[in-house]
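Asks: Residues per chain, in single letters:
Number of protein chains: 2
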Amino acid sequence: MSTKLPTDPYKGVRDFYPEDKAVQQYIFDVWQMTAEHFGYQAYDASVLEPAELYKSKTSAEIVNEQTYTFTDRGDREVTLRPEMTPTVARMVAGRRRELSFPVRWYSIPNLFRYERTQRGRLREHWQLNCDLFGVDDPSADIELLLLVNDIFKNFGAEGGVHYAIHIASRRVLEVLYDSLAIDQDTRVAATRLADRKLKMDAAHFETEMTAIAGAATPAILDFLNTTDVTALSDTIKASAAYIELEMVVTTLTELGCAAVFDPTIIRGFDYYTGVVFEVKDLHPDNNRSMLGGGRYDNLTGLFGGDPIPGIGFGMGDVTMRDFLESHNLLTADINAPTLAILPLDLSLNVPAQKIAQTFRNAGIATTVDMSQKKIGKKITSAADHYVDYALILGEDEITSDTYTLKNLVAETEQHGTIEALIAQIQT
Amino acid sequence: MSTKLPTDPYKGVRDFYPEDKAVQQYIFDVWQMTAEHFGYQAYDASVLEPAELYKSKTSAEIVNEQTYTFTDRGDREVTLRPEMTPTVARMVAGRRRELSFPVRWYSIPNLFRYERTQRGRLREHWQLNCDLFGVDDPSADIELLLLVNDIFKNFGAEGGVHYAIHIASRRVLEVLYDSLAIDQDTRVAATRLADRKLKMDAAHFETEMTAIAGAATPAILDFLNTTDVTALSDTIKASAAYIELEMVVTTLTELGCAAVFDPTIIRGFDYYTGVVFEVKDLHPDNNRSMLGGGRYDNLTGLFGGDPIPGIGFGMGDVTMRDFLESHNLLTADINAPTLAILPLDLSLNVPAQKIAQTFRNAGIATTVDMSQKKIGKKITSAADHYVDYALILGEDEITSDTYTLKNLVAETEQHGTIEALIAQIQT
Numbered sequence: 001m002s003t004k005l006p007t008d009p010y011k012g013v014r015d016f017y018p019e020d021k022a023v024q025q026y027i028f029d030v031w032q033m034t035a036e037h038f039g040y041q042a043y044d045a046s047v048l049e050p051a052e053l054y055k056s057k058t059s060a061e062i063v064n065e066q067t068y069t070f071t072d073r074g075d076r077e078v079t080l081r082p083e084m085t086p087t088v089a090r091m092v093a094g095r096r097r098e099l100s101f102p103v104r105w106y107s108i109p110n111l112f113r114y115e116r117t118q119r120g121r122l123r124e125h126w127q128l129n130c131d132l133f134g135v136d137d138p139s140a141d142i143e144l145l146l147l148v149n150d151i152f153k154n155f156g157a158e159g160g161v162h163y164a165i166h167i168a169s170r171r172v173l174e175v176l177y178d179s180l181a182i183d184q185d186t187r188v189a190a191t192r193l194a195d196r197k198l199k200m201d202a203a204h205f206e207t208e209m210t211a212i213a214g215a216a217t218p219a220i221l222d223f224l225n226t227t228d229v230t231a232l233s234d235t236i237k238a239s240a241a242y243i244e245l246e247m248v249v250t251t252l253t254e255l256g257c258a259a260v261f262d263p264t265i266i267r268g269f270d271y272y273t274g275v276v277f278e279v280k281d282l283h284p285d286n287n288r289s290m291l292g293g294g295r296y297d298n299l300t301g302l303f304g305g306d307p308i309p310g311i312g313f314g315m316g317d318v319t320m321r322d323f324l325e326s327h328n329l330l331t332a333d334i335n336a337p338t339l340a341i342l343p344l345d346l347s348l349n350v351p352a353q354k355i356a357q358t359f360r361n362a363g364i365a366t367t368v369d370m371s372q373k374k375i376g377k378k379i380t381s382a383a384d385h386y387v388d389y390a391l392i393l394g395e396d397e398i399t400s401d402t403y404t405l406k407n408l409v410a411e412t413e414q415h416g417t418i419e420a421l422i423a424q425i426q427t
Numbered sequence: 001m002s003t004k005l006p007t008d009p010y011k012g013v014r015d016f017y018p019e020d021k022a023v024q025q026y027i028f029d030v031w032q033m034t035a036e037h038f039g040y041q042a043y044d045a046s047v048l049e050p051a052e053l054y055k056s057k058t059s060a061e062i063v064n065e066q067t068y069t070f071t072d073r074g075d076r077e078v079t080l081r082p083e084m085t086p087t088v089a090r091m092v093a094g095r096r097r098e099l100s101f102p103v104r105w106y107s108i109p110n111l112f113r114y115e116r117t118q119r120g121r122l123r124e125h126w127q128l129n130c131d132l133f134g135v136d137d138p139s140a141d142i143e144l145l146l147l148v149n150d151i152f153k154n155f156g157a158e159g160g161v162h163y164a165i166h167i168a169s170r171r172v173l174e175v176l177y178d179s180l181a182i183d184q185d186t187r188v189a190a191t192r193l194a195d196r197k198l199k200m201d202a203a204h205f206e207t208e209m210t211a212i213a214g215a216a217t218p219a220i221l222d223f224l225n226t227t228d229v230t231a232l233s234d235t236i237k238a239s240a241a242y243i244e245l246e247m248v249v250t251t252l253t254e255l256g257c258a259a260v261f262d263p264t265i266i267r268g269f270d271y272y273t274g275v276v277f278e279v280k281d282l283h284p285d286n287n288r289s290m291l292g293g294g295r296y297d298n299l300t301g302l303f304g305g306d307p308i309p310g311i312g313f314g315m316g317d318v319t320m321r322d323f324l325e326s327h328n329l330l331t332a333d334i335n336a337p338t339l340a341i342l343p344l345d346l347s348l349n350v351p352a353q354k355i356a357q358t359f360r361n362a363g364i365a366t367t368v369d370m371s372q373k374k375i376g377k378k379i380t381s382a383a384d385h386y387v388d389y390a391l392i393l394g395e396d397e398i399t400s401d402t403y404t405l406k407n408l409v410a411e412t413e414q415h416g417t418i419e420a421l422i423a424q425i426q427t
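Residue numbers (my numbering), protein chains in the order written: chain G, 1 to 427; chain D, 1 to 427.
If you are wondering where the hints come from, they were derived from the structure by calculation, not from laboratory data.
No experiment lies behind these values; they were computed from the predicted model shown.
Copies of the same chain look alike in the list, so a pair counts if it fits in one copy or across any two.
Derived DMTMM-like pairs: lysine to aspartate or glutamate, alpha-carbon spacing no greater than 20 Å straight-line:
#1 K377 / D136
#2 K11 / E77
#3 K4 / E77
#4 K406 / D345
#5 K354 / E244
#6 K374 / D384
#7 K354 / D150
My request is simple: use the sequences and hints to build the entire structure.
Replies: In structure tokens, the structure reads:
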């Protein structure tokens with residue numbers, strides 16, 4: 001009791017005071033509403049996962065250096081999940097016989113990264129994850145990207161003005177490599193380098209690619225610099241992979257989505273196998289990817305049985321909030337009760353609760369200001385907290401059974417019994 | 001890739017498949033709606049907290065043996081929160097100057113306990129936490145208990161039939177000890193024993209209490225056996241603590257709450273100082289406490305500055321679900337889209353997505369069954385998933401621009417253009 005505890009949260013995580021929680025809740029509500037509009041069902045799991053879940057497919061760097069992993073007293077290695085995809089793959093694989101495919105699931109989990117660097121990056125964030133399992137044709141890619149586009153529309157954003165959807169295909173990239181007879185190790189190195197293309201200057205990129213791919217470099221550079229999908233080489237255009245990609249891009253454009261072909265979209269994770277995509281924030285101060293996903297036809301195969309085709313994406317709450325703030329699209333209201341009962345004296349706090357309960361029973365969200373503030377301050381405080389009505393309670397009001405209801409928005413007053421004022425608020 | 005990963009979650013935590021997530025979401029929605037109806041605002045924090053937060057006030061057993069605590073790479077001791085009260089006290093104390101009291105906050109955090117025993121107890125559960133800070137009179141206790149009662153009412157439960165609110169007062173217990181001139185160590189021991197009264201037979205309890213309290217035992221037993229608050233001794237009834245307790249019990253009864261005085265309610269945590277309460281499940285198979293809380297006037301004092309009076313409670317999702325199931329009160333619906341588009345052939349999957357988007361744009365939640373199932377199976381699957389309407393899509397429908405809409409609930413059919421069928425669903 002003698003030592004004074006600090007009030008800071010743990011390093012790198014956030015406290016959500018009501019004004020921040022209201023913004024996050026608004027973001028979660030739009031995510032949930034849009035996902036359910038497309039028939040996606042909510043699922044969830046614990047933040048604690050067996051560490052082995054991340055050791056097969058996630059890059060070694062992430063598991064060893066960037067996760068919270070510890071050993072419990074039963075000698076089990078446990079990880080605070082750094083991403084949701086291994087969890088959803090585990091859950092789908094676990095009920096593969098019972099589930100009726102196509103399976104459409106969404107979740108809004110919190111994810112943890114152990115960030116050693118001190119650039120203000122957070123160690124915990126929340127992420128919408130949507131996944132569609134069991135369909136191996138471009139209609140699945142189209143659906144998921146329509147869902148992505150509708151999320152942005154439902155936040156009031158405009159495609160091509162505020163954001164753009166960038167699409168590529170890992171499968172098309174493999175067709176290119178096949179046509180150039182590039183071996184497996186070179187493919188991995190070239191793909192990893194391509195993933196960093198936008199972060200390097202062109203000359204440096206070409207030098208590094210030449211060191212990896214040699215004579216194949218011009219063809220690879222030519223591919224990576226193409227932004228019109230129909231301008232790709234005839235060899236690529238003859239492939240099934242191209243036909244799928246082209247159908248996805250064309251259909252989305254036809255349906256009014258701001259979707260563009262962008263061969264520099266790679267996505268770091270090893271498990272992507274087909275179409276991959278990102279959403280770019282078009283704000284000049286904030287030019288970055290804010291959503292990523294793609295097709296991962298083999299992920300559930302890690303758990304045995306035939307692979308189940310899947311496609312999914314994740315988008316974080318921090319970049320979403322930055323996006324909404326940068327573009328002045330944030331319209332979150334803090335939740336506020338409709339009515340505040342304001343007793344003139346502490347001795348009236350209990351009678352105020354009785355009257356409040358009458359309003360609550362009539363369906364009116366009601367609070368009571370039981371503080372020692374003067375009545376003027378109580379009225380100001382109610383208005384500051386976005387309360388619509390205030391009812392001032394003194395002995396006289398109780399004796400006469402006539403109360404004054406102040407409309408704090410319209411700045412008007414009505415007088416009457418509790419029943420009359422309930423009717424007034426309800427109209 | 002060669003080793004097959006297991007699909008089980010980490011030991012002692014739950015996977016929430018959609019049917020289970022829907023039940024949990026229903027519980028969360030009723031909690032949230034009721035708390036906001038009383039003017040409580042949502043807040044949140046990370047599951048990761050500095051370990052020191054739990055070392056001052058929580059019992060030593062819980063911190064040392066029952067929490068997930070580990071050391072991060074920055075040599076910080078970090079704990080997965082076992083309860084939310086220290087977090088909310090930390091957050092209130094951190095902004096004590098900016099906040100406008102009374103502060104009403106709620107949250108639905110997940111909490112972790114390291115359970116070594118193997119009785120099927122979970123290591124993670126979710127809990128509604130509601131707290132009211134800054135009011136030091138019985139109107140706060142009354143408000144919080146009205147909120148508790150409304151939660152149960154909003155689940156369709158009936159007070160006195162399905163549940164009962166049991167109320168006591170730590171302060172009244174101190175008045176009893178004062179009147180018997182019992183020293184501090186004896187008070188602690190007697191209070192800890194009283195907390196276990198219902199788990200012991202009467203004779204054994206009396207023997208143990210006599211060993212602790214000696215000659216004061218008959219008066220303590222008499223107190224603990226009293227269930228009518230007005231039947232307490234005159235010495236107790238002369239105290240301010242009694243007047244508060246009596247006002248709480250009487251007012252709640254007057255407002256129709258199933259509230260009873262129960263002096264055996266102690267609540268284990270050291271930080272409670274005034275009124276304490278539990279809600280008992282009255283189902284004979286399930287007779288246990290399912291919610292607990294009380295007044296903790298000194299909790300924020302740990303962070304420096306003057307103490308801020310507070311009162312709060314927590315209730316878990318596992319006991320809530322058990323309660324609803326035992327009493328047949330569980331009415332959760334899994335979220336389902338309104339319409340399923342059912343293509344007759346895989347080649348129609350992309351056109352089906354285009355049509356689906358037209359319905360979605362009209363505000364109708366729409367899914368597409370892109371699987372290889374035969375059409376009869378697709379219709380059955382849609383009905384099994386609680387979808388209201390099905391639209392069967394073949395080449396003929398597209399050519400003639402006339403589609404068949406099956407109402408899967410009423411088992412009727414309509415025919416028409418997409419626009420006509422949208423209007424049909426919207427009416």
